[in-house]
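Trainee: If you want the building blocks of each chain, they are given just below.
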Amino acid sequence: MPLDLEQVKRIAHLARIEISQAEAAQTQDQLNDIFGLIERMRAVDTEGIAPMSHAQDLMLRLREDAVTESDQHPLFQSVAPQVEGGLYLVPKVIE
Amino acid sequence: MINASLKELSAALAAKNISSVELTRIYLERIERLNGELNAFITVDPGKSLALAGQADARIARGEHAPLTGIPVAHKDIYCTKGWLTTCGSRMLANFESPYDAHVIGRFGAAGAVILGKTNMDEFAMGSSNETSFYGPVKNPWDRAFVPGGSSGGSACAVAARLAPAATATDTGGSIRQPAALTGITGLKPTYGVVSRYGMIAFASSLDQGGPMGKSAEDVAMLLDVMAGFDPRDSTSLEREGEDYTRDLDRPWEGASAGRPLQGLRIGVPKEHFGEGLSSDVGRAIEAALAQFEELGAKRVAISLPNSGLSVPAYYVIAPAEASSNLSRFDGVRYGYRAPEYRDLLDMYCKTRSQGFGAEVKRRILIGTYVLSHGYYDAYYLKAQRVRRLIAQDFVEAFKKCDVVMGPTSPTVAFRIGAKTSDPVQMYLSDIYTIPANLAGLPGMSVPCGFGENELPVGLHIVGNYFSEARMLAVAHHYQRATDWHRRAPAGVL
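These protein sequences, in sequence, are chains A and B.
For the numbering used here, count along the first sequence from 1 and bump the result up by 42.
For the numbering used here, count along the second sequence from 1 and bump the result up by 121.
So here's chain B without its partners, still in its complex pose:
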């Protein structure tokens, strides 16, 4: 049951071969048994989850179910969830029980999905290893001495270790794709504006985008069907017709045959993502994946993203600038932590923020405050925004020659816990291949495509043009029909 696809679970629930209460109990029992070591969940509340499962069963009995009705889903602890602790991985919100639901939580609720719990994450989503969480690091289920990636490390671990059938996550610079790669699962960051940010605690608002994590492209498509959609409460939510993201999954590429279902697909391979810094084990797995795509009929096209080397520098101006503004709301007045002792109002702000935020969050607030401060705004912030346009334009040129861009999601497989914690710059460089899609607002996904050093998973990065999620998912699905990397699960969790 724990390796079943969402489609299979949905069919089993509809046929009443299993009830949602039974299914939810299976996962709660696994969490009870394994979470102590893996630390994937911050909050689990079996009473609440089972009550939701009971409601789902009643809905199924009435014949009013939707595809995800009764399926337990783990939510990243960045999504405000009414009546649940919503900590964002921070001491600042360690006591924050959200008075309202994020749009994404509301959508899953309306679909009849069960909230399985809230997953661990880097504090305020700032990190690439899940080590900045106030609740301690998450372990990689493939080898517990290694990180699961971040910031959505808890969600990735939960899916990889089969503690949840599926999970929600968010991605500002790679926080869905990099942990998906490092834990051997499938994750998608949609086009900016496709998933509402309402109730999703803000880090860098021009980059943040919610998206799903699952065991396969098919699962991710079903999850995105629920998550995506216009929401008037998010000023950047796009007013578009709803889409069925599963629609292209079983269709061959235009003009292709069933035997070579990707005949005609042009895969852009950017030379900048295969140079210095890419470890050879990851390079080999990506090369094998590209060869597999050629067998399916696709053609490789050499492309260049000449400004992609500037994406990390530009990102570490833009994201901290937006974060310093967004996180000014945490001042000990309206919600969250307040320092126990202070002299006056200013001292209360300073002590609250000093005690409530961890080291990485403070570092980024300081960078952001500096680049926005008088005399530096043009040299850093405006400059970074100009570079951002250059990076976005690289993709406009690239998509004249290809349908999707492929490369490694991360330059290495998972690294050891503690290996990069004292060197922020090295940590930041783990997102070198994922950040460009955030800056450009493009959809990107990671698909498991093999194993590298220490038998740890490698992820293939697929970037598509704006709003091409359904086609990207189909491309990934055809690959997953021909391979079994996405079916592998870590030893010791089954």
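Just chain A, same shape as in the assembly:
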């Protein structure tokens, strides 16, 4: 089932990517080509096959609930676009 233009725009909105009308049309064609490739997989019978969510079927490791990190926020915030008083600045969201 090919994607229509409205779907492409909706996906772009969900992904928080601004997309122009012209870009959406071009993207629509390319995505439909790619989904054409992906469709091959959907014809295969996978009844009873457990999904493989990771490269190895291992349990994630547990660790002690201990403090392992020191406070380095000035260092890590030094690469942020806008910081003030230890806080990240973004456009106002609450009036």
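Simulated from the structure, these hints should not be mistaken for laboratory data.
Mixed in with the good hints there might be a few duds.
With a cut-off of at most 35 Å between alpha-carbon atoms, the simulated DSBU-like pairs for lysine-lysine come out as follows [to be verified]:
#	chain 1	residue 1	chain 2	residue 2
1	A	Lys-134	B	Lys-203
2	B	Lys-128	B	Lys-203
3	B	Lys-522	B	Lys-420
4	A	Lys-134	B	Lys-472
5	B	Lys-541	A	Lys-51
Predicted model only: the values in this text are computed from it and were never measured.
Knowing the structure of chain A, use the given hints to seat chain B on it.
Mentor: Showing chain B alone in chain A's frame:
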């Protein structure tokens, strides 16, 4: 000096026949002279590199050196490197100076290796030709009108053009092996979980694995000795005893003689990797390599990987799904690019991401967002995960009959710059033989084995069972002792 193996360089440094500062200067001078055209490096900082080389020389003088102490290594720009620009090939991170070191960078630092610079790559490692980089395409040193492969195209080019003795890289669907093949060098993607992903900028976390690139299997084994090892900071890093990956290099296969060192080795040859889509020049070179292995004593076993044709479709659901989640962190708030003008918070996110990401990255985020969205998750994402298990099971069956699987790394030799940029599906199919190992989590490597059309290199793909890296490297090393493909270097770079 630029054709010396890491073992030879290490011995020369230890014997003080050359200092690390001198060696580093040789490579910096080559980069200065050749990088303008090849575009293999995004960042070079001679001051920092030479300071590290000076420290390595002091360490050697104290007699406290390790095998890679003083050897310059180029790092793919996906590895966070403290105090160095770490761009991941993207405008999004064009101003990002990492505040910390990736585990791999830390390991090389502890070994006393010198950071030679940060190499170009497809943006966020998404590409098979190094053409999606914000910093422009890397050229193939064998013919500059051709791509070097990707995503680790800068690292591959740097090693092939002798701009670096060795390099680090990463592989999500073939990003170490395919560029290694297309540039005539040796590259290894280890078993998933062997090399820590800490500080390695995430693309598809269940597939991403770091690994080395070098001129030979022996060099790659020495590099993997440094890169591999448990790291508690990566939840998927495997808690295993450390290994010496060079241990089997000079040993014949069990029960074999020195004259026929691979006597008893069973090479599985999957019929699915020799069918439609494989170009005849590559097929001929692979056939000759297999014949060479037979001369060394190995035996061919016909095998089947019946679901391998489904690997590209399954991969292009799973990898974009994971990427769309991983790349949601780039929102213009904590690091990297922020759009200069916006109306409100939502507009800031949308404009930042629209301007900061290139076309291929956006395409993959959109695919991933769609396959994870309400109503499509089962049909695409869960389905792909079930297919992934079928592909992994194919290898379980195959390894009952053989010790290693061999075939072509890539269906063609390097293609011309621009040849596939407007057709994503054709580009994706260049990884058709490499993706299955990522989906299964198996180790895979590419070894140079001849030349095809336009005198461009061909790579032999070797896939081994889980944790069989040392044996795979030995298999490749015996082949490289009997052949000289890995010693060939592009004209005009020497």
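Trainee: Given the proposed pairing of A/Lys-134 with B/Lys-203, does the C-alpha separation stay at or below 35 Å?
Mentor: holds, 33 Å
Trainee: Hey, B/Lys-541 versus A/Lys-51, does the alpha-carbon distance stay inside 35 Å?
Mentor: holds, 26 Å
Trainee: Mind checking the alpha carbons of B/Lys-128 and B/Lys-203 for me, to see if they're no more than 35 Å apart?
Mentor: holds, 28 Å
Trainee: Would the pair B/Lys-522 and B/Lys-420 pass a check requiring their Cα atoms to be no farther apart than 35 Å?
Mentor: Measuring from Cα to Cα gives roughly 11 Å; hence the hint holds.
Trainee: Between A/Lys-134 and B/Lys-472, is the straight-line Cα distance small enough, at 35 Å or below?
Mentor: holds, 16 Å
Every hint, counting from the list given before, is met by this structure.
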